[in-house]
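A.B. asks: Listed below, chain by chain, are the residues.
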Amino acid sequence: MRCPGHEHVSRRALLKGTLATAAGGAVMNWGNLFQSRATAAEVERGQKRCILLWMNGGASQFETFDMKVGRPTGGLFREISTNVPGTRVCELMPTIAQNMDKLAVIRSMRTSQVDHPGGIHLMHTGYSEAAGIRFPEMGAVVAKYLGRDGSDLPNFIKIFPHGNTGSGFLGPMYQPFTLSPEGNLPTFSRSNLNPEIESRRSELRSFVEEQYARQHKAETARMHREAYEAARRLQNVQAVFHIDDEWEKYRDLYGDSAFGRRCLLARRLVEEGVPFVEVGQSSYDSHADNFVWHRGLLPPMERAWAGLLNDLEQRGLLEHTLVVWMGEIGRTPSINNRSGRDHYVRSWSTALAGGGVKGGLVYGESDEDGIDVKDNPVTEGDFFATIYQALGIDPAVEHYNGVRPIPIAPFGSKVVQDLLA
Amino acid sequence: MLATGSDHAILSGGNLRPGPASQVVSRLVLCRMAPCRENYPEYARVNSVKPPRECLLLALLLVWLSPAGFARGEEGLRAEIDRHVEAAWKANKVTPAEPASDAEFLRRLYLDLLGTIPTHDEAVAFLDDSDAAKRQQLIDRLLDDPRFARHQAEVWDQVLFGRNPPGYGTDKREGFQAWLQNQFQQNTPYDQWVKAILVAEGNSVDDGAPLFFVQYKSQPEDATEAVTQKFLGVQLQCARCHDHPFESWKQLDFYGMAAFFARLQVVEVGKKNNLAMYAIGEKNRGEMLFTGPVTEQEVGQKGEPVKPKFLHGEPLEEPELPADFKEDRNFPNGKLPPKPRFSRKDQLAEWIARPDNPYFARAVANRVWAQFLGRGIVHPVDNLSDSNKPSHPELLDLLASAMVEYGFDLKRYIRELVSSRTYQLSGGGEVEAAMPSWFERARARPLTAEELLDSWRVAVGYEGMEQASGRRPSDDRYAPLGSGYLMQFFGAPSNGVGDFQGGLHEHLFLNNGGLSSLLSTAKGGLHDTLLNSESPWEQRVDRLFVSLLSRRPTAEEREKFVAYLTAEQDPQTRLNEAIWVLMTSSEFRFNH
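Heads up: the protein sequence lines correspond to chains A and B, in order. Mapping to the working numbering: the first sequence position 308 is 308, numbers consecutive. Count along the second sequence from 1, then add 421; that gives the number in the working numbering.
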């Protein structure tokens, strides 16, 4: 039957509590479990995290990982070799080419939604839209199963957000916290009160809450109190969003771009223990001038992506952090009369890197013109099941929407074991 | 036996030909539904024991026919409710909460009946009234308050449409909402207004009712799911793709019902005040096609026509059309479509809203019970089924027969519910469940976005501020916060199974300035009244508590607040903070 979220979290919190005690600090208040940063780092080292690099509009597989040089569908760009012998990628991605040993590329994606809204929904949730059901996004599922109870930062953060079903039927506890393309916080996230006033006001409020809790034990009121505390704690950690102090140092690694800044912010957030961060880039929807668009979008993206992987690796975080690269669709093999490529989902590419997956791997194959999958098709369900498995979350876990059981990866999805480390 | 053959051929695995994943997926894409485990034998559950459906129907029929079903004492339904609930406490060794205090009862009743808390003066009048019959008088008065109709219409609007209704044009539904409010104003019996929704005559702006079907334009399967779930309290969606694994619903039951909707068309018949007016037309021809279990469908498969058949009832008898009958393919836009020679939809409406329909009265009796008491006796309320047993079976029978006896008079039914001792229990106690299983204490229900807004407005004296300002009051229902913010932060406070969840975002909004338009120091409002009062602070704190929480403070609370408010020379800032504290408290957030 249904397993309420708070049970999971408290069990995890308990586990962490034991560890914290072993480290010498017996702390009863879960909200302030981690008194010192060192303890937190110690405990959270093994925690899995996920960064989703979202290529909005649908990047072309022919201009990235599945080139068809010399074929009519091949396009303008050349192939270059990579640090994995035999694997070649587009010349627009020289930095990624030198980091191919970290990537597991899937060249055989076959999905079911070919338009943007449908595809964005599908590739955020694993499900096609259905009347009367709001499916949770992958980030909400990860927040539920890998999120930290009583953390200062939200467990699901989107920078330049795409997709809008959020936590769906998992409920408001797992709603994404969304930042603008520049990394600015949403309205109402910052207190503009004088801290002294804020603090005395909060003290009076706690008094009122305690009076009520004495008589009323309903769990709903407890959750209401906890969420209030979370909103206050967010005020203490806003420095993590200000990347300027670090940007000078990392500008070269990530490349001087807006996407690079978003990726650096994502690294700072997972380092603080946020289990899911989505970073968006827009827009690959190149119905016209496909090659111009990709020449503009790919270089800053691939530089930042490679920078992120290396930065994570240097900090010892890459083995715990799964980095997913995808958009909602691929692009057509045929090139239209405006030098564009249209929407295509019969055969396209995505990539994984880091925690839980193998590096230096190409999985699946398309035919010689990239029209269809030749070998090992991967559906959206398989892709989601594989991601969840890599993160240590059972893809068959079910939630209920009304009386209907809905697993986090659709029934019938298969984990692609070959991709897993 | 009515049910014949193997109910679960699909689960035996024998009929399935699961191909490679890609094939299965591409087949499922044909079906608009998300893939479901029953399509995969490896995931299918072992069937649970299924009581014969006939027993259930017979039991219902007996209750309906038996005079014992109505044998209620002099005291009426309310006493019967208490007897059944108390018997269940005894049988399950449950200790009930204390009776609710006057203040608890007052706030709960206002929120449940009117969707808002009482004003300071209303609360004081009730609390200080020494008449022994004051609770009954209050119930009678609020049931006749115009806000009762408005609030109940908003409750049912959410049942019928929800926050994110499907269909184009269904998010703007003032016409429908006004019509529904009018039904509650007139106290039109429930069966009659439901029938009006299903018959759907006229247009969606002037007549309202037709907007319901606009949600399911060209989707007879969606209409089937919605109509059976909302009005009959049964969930057929599993039977859309396969025979239900542990209920008696067959796929053909689903398509038999869907055939009633197969001929409906949504027609745009004009515009009024920038709102499109929709009418529901019905063709003379057009069949529901049945293609068998989804996993066995082939690309391009056409399917066999299915005749309309009432759920677990008889097939519909239809007159033949003349052989030479001709009909235009589509109804033209811009004019009201003509009635068909024979309307399947009207036949269905007639059958659904009949008092002897085995589901209809039971479903609404259970749903309205849950509205006031927390859980349904069958919970969730839209899943009356063999495998989801009522917690108090006899009580549900009794409520369903009362609903019929009352001629579906919801107001009369609600009067009995809120007059019961069960409803008037305290919300305090040790039980942690938000909605206790045995109704041993009042439930803790989060206020809806509308209830929160209306209650905040009452609490801070927003109307008084508007009057004092001399400005024309805004006609925005969501002033001054706006529907955007309200829906974003308070529109959907629960998870997929209706449980409240605390959300970070709600508190960010409350803590960091979202309420500033209500926390005004303007003339005519609560802040201004308290600040400029000559009364001692003790009395002003009393007024603060009654205005916000409909109760007087405890001695401890009074002392704490007086100290807080008098700690500095100028109390203005601190007064603002104190009002904010009570506005955002758990005690305010829930109806308990």
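Bear in mind the hints are in silico, worked out from the structure with no lab data behind them. Warning: the hint list may mix true and false statements.
To be verified - Some but not every residue of chain A turned toward chain B, in silico, with C-beta under 8 Å:
1) F169
2) N192
3) E196
4) S199
5) V208
6) A231
7) A288
These figures come from a predicted structure and were not determined experimentally. Note that the Cβ used here is the ideal one computed from N, Cα and C, for glycine as well.
A.B. asks: Indicate, hint by hint, whether the structure satisfies it.
C.D. replies: Right, here's what the structure says about each hint:
For F169 of chain A, the shortest C-beta to C-beta distance to chain B is roughly 3 Å, which falls under 8 Å, so the interface hint holds. Satisfaction of the interface hint for N192 of chain A is found here, the shortest Cβ-Cβ separation to chain B being roughly 6 Å, below the 8 Å cut-off. The beta carbon of E196 of chain A is not positioned within 8 Å of any beta carbon in chain B (closest approach about 11 Å), and the interface hint is therefore violated. Hint on S199 of chain A is violated. Least Cβ distance to chain B is approximately 11 Å, over the 8 Å limit.
At its closest, the beta carbon of V208 of chain A sits 5 Å from a beta carbon of chain B; the interface hint therefore holds under the 8 Å criterion. Look at A231 of chain A: its Cβ gets to within about 3 Å of chain B, closer than 8 Å, so that hint holds up. Interface hint at A288 of chain A: violated, since its Cβ lies 29 Å from the closest Cβ of chain B, which is beyond the 8 Å cut-off.
When held up to the earlier numbered hints, the structure conflicts with 3, 4, 7 and fits the remainder.
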